[in-house]
Amino acid sequence: MKSDQEFIEGIYKKAELYRAMEEQEGQVWNKRNRNTAQRRRYLKTAGLVAAGVMLGAVLVYTKEIRLNQSIPEATPDVGLVNYRMERGIEGQNQEKILVLGSITEVYEKDGAVIIEIFVEKSEDSKAVGEKIILTVPSTSLEELKLSKDQEIVTALSIDPENGNYEVENWKSDIYLSNGDTSEKGLYESWSGEIIEEIIEKN
Amino acid sequence: MFLIIENNVNLDWEAYQRFLNGDQKAFEELVIKYKDGLILFINRYVNNMHTAEDFAQDAFVEILIHRERYQPSVSFKTYLYTIGRNKAVDYIRKNSRVVYIEDYPDSEQEEYSLEEKVLKEEDKRMLYEEIKRLKKEYQIAIMLIDLEGMSYREAAGILKKSENQVKILIYRARKSLEKALRKGEKSKT
Numbered sequence: 001m002k003s004d005q006e007f008i009e010g011i012y013k014k015a016e017l018y019r020a021m022e023e024q025e026g027q028v029w030n031k032r033n034r035n036t037a038q039r040r041r042y043l044k045t046a047g048l049v050a051a052g053v054m055l056g057a058v059l060v061y062t063k064e065i066r067l068n069q070s071i072p073e074a075t076p077d078v079g080l081v082n083y084r085m086e087r088g089i090e091g092q093n094q095e096k097i098l099v100l101g102s103i104t105e106v107y108e109k110d111g112a113v114i115i116e117i118f119v120e121k122s123e124d125s126k127a128v129g130e131k132i133i134l135t136v137p138s139t140s141l142e143e144l145k146l147s148k149d150q151e152i153v154t155a156l157s158i159d160p161e162n163g164n165y166e167v168e169n170w171k172s173d174i175y176l177s178n179g180d181t182s183e184k185g186l187y188e189s190w191s192g193e194i195i196e197e198i199i200e201k202n
Numbered sequence: 001m002f003l004i005i006e007n008n009v010n011l012d013w014e015a016y017q018r019f020l021n022g023d024q025k026a027f028e029e030l031v032i033k034y035k036d037g038l039i040l041f042i043n044r045y046v047n048n049m050h051t052a053e054d055f056a057q058d059a060f061v062e063i064l065i066h067r068e069r070y071q072p073s074v075s076f077k078t079y080l081y082t083i084g085r086n087k088a089v090d091y092i093r094k095n096s097r098v099v100y101i102e103d104y105p106d107s108e109q110e111e112y113s114l115e116e117k118v119l120k121e122e123d124k125r126m127l128y129e130e131i132k133r134l135k136k137e138y139q140i141a142i143m144l145i146d147l148e149g150m151s152y153r154e155a156a157g158i159l160k161k162s163e164n165q166v167k168i169l170i171y172r173a174r175k176s177l178e179k180a181l182r183k184g185e186k187s188k189t
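Chains as they are written, first to last, in the numbering used here: chain G, 1 to 202; chain F, 1 to 189.
Hints may contain errors.
Lysine to any residue pairs mimicking SDA-like chemistry, simulated, CA-CA at most 25 Å apart [as the list claims (entries may be wrong)]:
| no. | chain 1 | residue 1 | chain 2 | residue 2 |
| --- | --- | --- | --- | --- |
| 1 | G | Lys13 | F | Glu130 |
| 2 | F | Lys25 | G | Gly192 |
| 3 | G | Lys131 | F | Asp146 |
| 4 | F | Lys33 | G | Glu16 |
| 5 | G | Lys148 | F | Lys175 |
| 6 | G | Lys2 | F | His50 |
| 7 | G | Lys131 | F | Glu137 |
| 8 | G | Lys14 | F | Thr82 |
| 9 | G | Lys44 | G | Met21 |
| 10 | F | Lys132 | G | Met1 |
| 11 | F | Lys25 | F | Asp54 |
| 12 | G | Lys126 | F | Tyr171 |
| 13 | G | Lys14 | F | Val61 |
| 14 | G | Lys131 | F | Lys25 |
| 15 | F | Lys160 | G | Glu123 |
| 16 | G | Lys13 | F | Glu28 |
| 17 | F | Lys94 | G | Lys145 |
| 18 | F | Lys175 | G | Glu188 |
| 19 | G | Lys2 | F | Tyr91 |
| 20 | G | Lys14 | F | Leu30 |
| 21 | F | Lys179 | G | Lys13 |
| 22 | G | Lys13 | F | Asp58 |
| 23 | G | Lys145 | F | Tyr91 |
| 24 | G | Lys13 | F | Val46 |
| 25 | G | Lys14 | F | Glu28 |
| 26 | G | Lys145 | F | Glu68 |
| 27 | G | Lys13 | F | Tyr171 |
| 28 | F | Lys132 | F | Val89 |
| 29 | F | Lys136 | G | Ile8 |
| 30 | F | Lys183 | G | Asp149 |
| 31 | F | Lys132 | F | Glu178 |
| 32 | F | Lys179 | G | Met1 |
| 33 | G | Lys14 | F | Asn86 |
| 34 | F | Lys161 | G | Ile132 |
| 35 | G | Lys2 | F | Asn48 |
| 36 | G | Lys13 | F | Glu68 |
| 37 | G | Lys14 | F | Ala156 |
| 38 | F | Lys160 | F | Leu30 |
| 39 | G | Lys126 | F | Leu159 |
Please keep in mind that the hints were generated in silico from the structure rather than gathered at the bench.
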């Protein structure tokens with residue numbers, strides 16, 4: 001490891017070298033840049049081609065934006081850019097919102113199970129980075145087999161009256177982690193349906 | 001805590017203004033203040049202290065040459081770490097076939113002595129050892145937010161992620177660290 005002084009001297013040396021290289025590149029550029037009519041013609045043609053390509057790209061891009069905008073909330077920002085969830089069974093839970101998170105607390109209260117989830121992803125982007133509390137009526141912890149720190153995916157419907165998330169049927173709407181969810185995870189519900197979490201690497 | 005950070009930002013900006021006015025010593029003050037932390041930060045990406053030191057130097061070279069580019073809308077530290085990160089990420093992309101199995105022994109030793117310098121308290125140092133065993137992105141998140149004391153916003157700027165993404169990343173990282181620490185405690189007893 002270099003001392004502070006050596007480190008600083010190294011910076012100055014590198015900076016000098018960098019400037020010298022830039023200067024040299026500039027000289028080469030000037031030399032090359034002696035304009036000739038032929039060169040101008042070439043540049044003009046190249047410019048027109050480039051403009052054409054850019055115009056094409058802009059048109060395609062605009063079209064793509066329009067297409068994306070026409071899909072209502074189909075690809076919401078779910079927190080991580082390279083993340084998406086795919087449902088294993090087509091046509092299932094289409095009206096429900098998938099929420100992925102880890103259980104911070106789970107306990108029984110008045111014949112129901114209360115689950116507190118720290119939301120890491122959700123299809124509607126709501127509550128990401130926050131806690132949500134779900135009530136699962138008429139069941140017990142023993143039956144649900146849930147515990148703190150478990151990764152969980154829930155297919156939630158939204159209560160039209162207060163806008164809160166709710167679990168309609170825990171057997172089909174609660175999916176538990178099956179493997180390492182930090183890389184690629186499978187989540188399975190009690191009724192045997194499987195959904196997959198896919199994280200695309202950068 | 002907030003006031004201390006704010007003061008630090010102001011002091012850095014004052015030093016940077018002196019540097020802009022031609023005071024080379026002011027630049028060197030900033031180099032000495034941030035170089036060790038920056039090397040450790042880059043090392044989390046490249047896993048080699050010599051390479052990390054080289055990139056840290058390059059980051060300062062960039063600041064020296066393009067001094068007018070820095071705007072105080074972000075702290076100098078955030079700006080510097082962003083340049084450092086970009087250099088490390090470029091290097092990893094270009095050398096994606098290189099797989100580091102272990103650091104060279106001298107590199108490890110150097111890292112340890114630099115840790116001693118940067119992380120003065122024993123507890124922090126022990127924690128750092130545990131952090132090094134986590135996934136790379138977790139290491140970096142914890143390093144920036146918990147060890148360097150950066151805000152979610154600052155870390156998000158450096159890591160090119162949204163604040164929400166950083167929140168989730170640090171949540172998962174801390175959880176992972178907690179698990180590792182618990183496991184370590186169990187194996188001791």
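- Query: Any hints this thing doesn't respect? Which numbers, in order?
  - Reply: 1, 2, 9, 14, 17, 21, 23, 26, 27, 29, 32 and 37
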